[in-house]
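Please build the complete structure, drawing on both the sequences and the hints.
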Amino acid sequence: KAGVTQTPRYLIKTRGQQVTLSCSPISGHRSVSWYQQTPGQGLQFLFEYFSETQRNKGNFPGRFSGRQFSNSRSEMNVSTLELGDSALYLCASSLLSGSQPQHFGDGTRLSIL
Amino acid sequence: GIQVEQSPPDLILQEGANSTLRCNFSDSVNNLQWFHQNPWGQLINLFYIPSGTKQNGRLSATTVATERYSLLYISSSQTTDSGVYFCAVSTHPGAGSYQLTFGKGTKLSVIP
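Protein sequence lines correspond, in order, to chains A and B.
Under my numbering, the residue at position 21 of the first sequence is numbered 21, and the numbers go up by one with no gaps.
Under my numbering, the residue at position 44 of the second sequence is numbered 1044, and the numbers go up by one with no gaps.
If you are wondering where the hints come from, they were derived from the structure by calculation, not from laboratory data.
All values reported here derive from a predicted model rather than from experimental measurement.
Errors might be hidden in some of the hints.
[Claimed, not checked] Pairwise CB distance ranges (calculated):
(1) B/T1053 x A/G42: 19 to 29 Å
(2) A/G3 x B/P1039: 12 to 22 Å
(3) A/R67 x B/V1064: 38 to 48 Å
(4) B/S1109 x A/N77: 31 to 41 Å
(5) A/L95 x B/T1079: 29 to 39 Å
(6) B/Q1014 x A/S27: 38 to 48 Å
(7) A/L96 x B/T1053: 35 to 45 Å
(8) B/E1015 x A/G62: 43 to 53 Å
(9) B/W1040 x A/Q18: 19 to 29 Å
(10) B/E1067 x A/T14: 46 to 56 Å
(11) A/T14 x B/Q1014: 39 to 49 Å
Glycine included, C-beta positions come from ideal geometry on N, C-alpha and C.
Rendered as structure tokens:
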């Protein structure tokens, strides 16, 4: 069974631009979560989607948004990029909810110049 | 929200040595996972262990939910065990039940 697939693996953007990251969950998994990892803040929860609905959101500004499609694939978008948005963005999928094992993709490393 | 504390923050081992990593959490949980992050940033799922004991090869984990801690044991360590080990939890239904809260990790370096 294929794992969680994130694309692209690496991305370089400049301040003020916007970016879209993609995540395909494990087949049959309906919950998709996004996390940001930085050296200073560690791993922080961004948001979680289930059946195309956002169920929970972390403490991030409105520039960070996401969506989930009917096939459970998810995208996250960051608008008006800032230098501080440079991070590793990780996507995780699980069958139904956070109480079940979360499986992570390899991440997208975003660098802002 | 729930607090997760891991210790020690750094650990250096000689190849072949054993180690114990600890994770303390501040509230009851319905999910606890141990992950290994390798130098390439990949987060590998080691154990899903909200309670009880599990073993997988040289690794084993124990969670005592009533006392709010979990332990990860690494025996006969190898250089490939190097990386950062994270403990992550989610709480019972209510706020935060759909997210994992991570500890700051234990950075393990195994030297030949």
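Could you work out which of the previously given hints the structure breaks and list their numbers from low to high?
When the structure is compared with the hints, only number 7 turns out to be violated.
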